[in-house]
Amino acid sequence: MIIELMTSGFFLKAFVGGVLIAVVAPLMGTFLVLRRLSMIGDTLAHVTIAGVALGFLLQVYPLAVGLIFALLASFAIERLRKAYKTYAELSIAIIMSGGVALASLFFTLGKNFNLNVTSYLFGSIYTLTDLDIYVVAIVAVIVLIVVAVFWKELFLLTFDEDAAAVSGLPVRALNIMITVLTALIISVSIKIVGALLISALLTIPVACSLLIARGFRQSIIFSVIIAEIAAIAGLLVAGVWSLAPGATIVLILITILIVTMTVKRGLKI
Amino acid sequence: MTIESSTNARCHQDVIRLEHVSFDYQDQSVIRDLNFAVQQRDFVGLIGSNGAGKSTLMRMIVGLLKPKSGRIELFGEPIEQFNGWQRIGYVPQKNSFNPLFPATVREVVQSGVYGKRNVARRIQKEDIQKCTDAMDVMRIADLASKRIGQLSGGQQQRVFLARALINNPELLILDEPTVGIDIETQHDFFQLVQHMHQHHRMTFLMVSHDMDMIESYLGQEPAQQSGKLKFFVKHSHEIENCEAVNLSHTLTVRETESL
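From first to last, the protein sequence lines are chains A and B. For the first sequence, the working numbering assigns the number 1 to the initial residue and increments by one for each residue that follows. For the second sequence, the working numbering assigns the number 1 to the initial residue and increments by one for each residue that follows.
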């Protein structure tokens, strides 16, 4: 059954896409979670669907329009965060509802275009095209290179933004870089896990690794391993029993989290 | 004689200089027309009640905030042009980091060398050695691979001190370093800082809420008062020898291990 799955083209593409996203999503997610920006993934994802829908309406490559929307949204969030310094969550709530509103507007406009809403909300990993896979692979390579090159700076920024500023690091530029990379990852993973479930891949592996990792490097490695286990197992389980792949991956992630917490608590007592 | 006088000249150079510095927070004046200078090898203690502007002042001196008016100089250069941030070690408020944060002691201490000079470059061998040395001096080498959140408050303080010392700084800025630490550990920490002041060629600026500790080392009379801010100073000439051992020298001979 599994061999059968693996040899079918659509499943193989799904597999490659899933594995790639499971490397970069928790990697970037670590920086987001540790900087208390967990919700930003969700927000950008909702805005990205609006962009994807508009892309369909305009007959432009939807992921590209989605990416532009995500980038615009991330800068808008930064703006609002500054305007409401002490109530920074407001920015996330505003942009998220704005994104959903735009998306539903475009979806109603696009009824005649045969726009499938659910495939963007919950992902449609089996309909990935060759172009989609190339785009995901390019994004993954970009993210890995940037994180490897700026590893030191990203660590210091995440651990202690003030110290980063005092030692003369370009804090603003680094923050923008994190935002842009996050927007990139989210827009390419919309088709794979779906807009509603992306933040699971960004945050749950990190939540697990925070419980067990001692250091920063270790935490990132653990979160990627956990995401890979969930992605691979989820895709196989979903393929064999014809379940929704995105949902299966997320539920496996939550299971891993519960097991980790239980084992950790068990060991402590 | 000539050597001595040139040494003296070097001793009394202004490390930090504030001229007519004012700062407003939401239309309320926090700091008004402050003039103050910290000279080389001085130990300056800064005391003030909550809202007196201690943290604001510290953040202006390290360049995180811009004064509304006035002029700040570091090592004789206007702060806008100052580029020698590795000459300054900065120990942040203890509770400025999340105890759940996954970082090992080594990762935190090592981050002291990350700066403008080496953006996007790999960590060098000598940087790793510097990190090991700084951990040795602070006697936290055996904790190197522990998660920082698991350490006691006093140990965490040593980690941040090691991070601040890794570049062998000329100026050490400590922002309420002992908040939330038990009395005994606070006392040890002050001992350590005082020892460093007396034996190394370093200038200290410390914000503290602990009047007793400040008074016991810096005397009861503030050298200067500005609004609710009180500055206590021990000048370099009050300690034996201006030409004291350099920290890098100590790092190699491990003199402070007897601390």
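Source of the hints: derived by calculation from the structure; they are not laboratory data. Mixed in with the good hints, there may be bad ones.
Straight-line C-alpha distance at most 20 Å; calculated EDC-like pairs for lysine to aspartate or glutamate [what the hints assert, rightly or not]: (1) B/K68 to B/D33; (2) B/K116 to A/E161; (3) B/K66 to B/D24; (4) B/K66 to A/E161; (5) A/K85 to B/D24; (6) A/K85 to B/D14; (7) A/K85 to A/E4; (8) A/K82 to B/D33; (9) B/K234 to B/E215; (10) B/K116 to A/E4; (11) A/K82 to A/D132; (12) B/K228 to B/D14; (13) B/K66 to A/D162; (14) B/K68 to B/E126; (15) A/K82 to B/E215.
None of these values were measured; they are calculated from a predicted model.
Now for the hints, and whether the structure bears them out:
no., hint, result
1, B/K68 to B/D33, "10 Å, holds"
2, B/K116 to A/E161, "14 Å, holds"
3, B/K66 to B/D24, "10 Å, holds"
4, B/K66 to A/E161, "17 Å, holds"
5, A/K85 to B/D24, "17 Å, holds"
6, A/K85 to B/D14, "36 Å, violated"
7, A/K85 to A/E4, "54 Å, violated"
8, A/K82 to B/D33, "28 Å, violated"
9, B/K234 to B/E215, "11 Å, holds"
10, B/K116 to A/E4, "54 Å, violated"
11, A/K82 to A/D132, "35 Å, violated"
12, B/K228 to B/D14, "24 Å, violated"
13, B/K66 to A/D162, "14 Å, holds"
14, B/K68 to B/E126, "41 Å, violated"
15, A/K82 to B/E215, "40 Å, violated"
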